[in-house]
Amino acid sequence: MADYFCQFSCVLDVGSSESAEQADAIRGELAAELDRHEGAALGFEMEIDHESGPGALWIHADEYGEPEHVTRFVLRCAEAFGLKGTWGFCWSLSCSKARIDAFGGGGLIVNLTACETVASIDCADWLARHMTDPGQPAGHRLQEASGENGPQSE
Numbered sequence: 000m001a002d003y004f005c006q007f008s009c010v011l012d013v014g015s016s017e018s019a020e021q022a023d024a025i026r027g028e029l030a031a032e033l034d035r036h037e038g039a040a041l042g043f044e045m046e047i048d049h050e051s052g053p054g055a056l057w058i059h060a061d062e063y064g065e066p067e068h069v070t071r072f073v074l075r076c077a078e079a080f081g082l083k084g085t086w087g088f089c090w091s092l093s094c095s096k097a098r099i100d101a102f103g104g105g106g107l108i109v110n111l112t113a114c115e116t117v118a119s120i121d122c123a124d125w126l127a128r129h130m131t132d133p134g135q136p137a138g139h140r141l142q143e144a145s146g147e148n149g150p151q152s153e
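Residue numbering for the sequence shown follows numbering that gives the first Met the number 0, starting at 0 and increasing by one per position.
No lab work stands behind these hints: they were computed from the structure.
Check before you lean on any hint, since a few could be wrong.
Cβ pair distances, simulated, as ranges [stated by the list, open to error]:
1) I99 <-> E46: 34 to 44 Å
2) E28 <-> R128: 30 to 40 Å
3) M0 <-> P53: 42 to 52 Å
4) H129 <-> T70: 16 to 26 Å
5) M0 <-> A40: 13 to 23 Å
6) C94 <-> E17: 34 to 44 Å
7) E115 <-> D23: 16 to 26 Å
8) R35 <-> H129: 37 to 47 Å
9) T70 <-> A127: 15 to 25 Å
10) G52 <-> M0: 36 to 46 Å
11) G81 <-> H129: 37 to 47 Å
12) Y3 <-> W57: 19 to 29 Å
13) M0 <-> G81: 39 to 49 Å
14) M130 <-> D23: 37 to 47 Å
All C-beta atoms in this analysis are idealised placements derived from N, C-alpha and C, irrespective of residue type, glycine included.
Produce the complete structure using the sequences and hints provided.
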């Protein structure tokens, strides 16, 4: 039997040690909500990263992470602490055994000021989209995917 993993590691700076303590309470509220409404465990661990700063939160998952849970948490922190600018993270999907469609990953950018997702990408969707365009020959699709025809935006 194969084990499937979602892993990530990122830092969110909430500005101060007081905000970091409040962020831990927000994390606890989200965990309780997920358990109550979805029967799910929170899909990340969080610790204050004192080396990066008093308000730096290290958000990570070694095995069974849930990027959606991280996004919900970050948006709640952005609203609670009036965070500004953009923030993002990426994750990897892997498997303990070689399986078709078991590897990939993604990334996400959040506008903290507006408390909304700006852009995201899922590697499997991106690959499928570029490999199934029937209007282009296979060689051209691969050149576009590798960026040989200039930068590609998603």
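How the hints compare with the structure:
no., hint, verdict
1, I99 <-> E46: 34 to 44 Å, "36 Å, holds"
2, E28 <-> R128: 30 to 40 Å, "37 Å, holds"
3, M0 <-> P53: 42 to 52 Å, "44 Å, holds"
4, H129 <-> T70: 16 to 26 Å, "25 Å, holds"
5, M0 <-> A40: 13 to 23 Å, "21 Å, holds"
6, C94 <-> E17: 34 to 44 Å, "41 Å, holds"
7, E115 <-> D23: 16 to 26 Å, "24 Å, holds"
8, R35 <-> H129: 37 to 47 Å, "40 Å, holds"
9, T70 <-> A127: 15 to 25 Å, "22 Å, holds"
10, G52 <-> M0: 36 to 46 Å, "42 Å, holds"
11, G81 <-> H129: 37 to 47 Å, "39 Å, holds"
12, Y3 <-> W57: 19 to 29 Å, "24 Å, holds"
13, M0 <-> G81: 39 to 49 Å, "47 Å, holds"
14, M130 <-> D23: 37 to 47 Å, "43 Å, holds"
Checked against the numbered hints listed earlier, the structure breaks none of them; every hint is satisfied.
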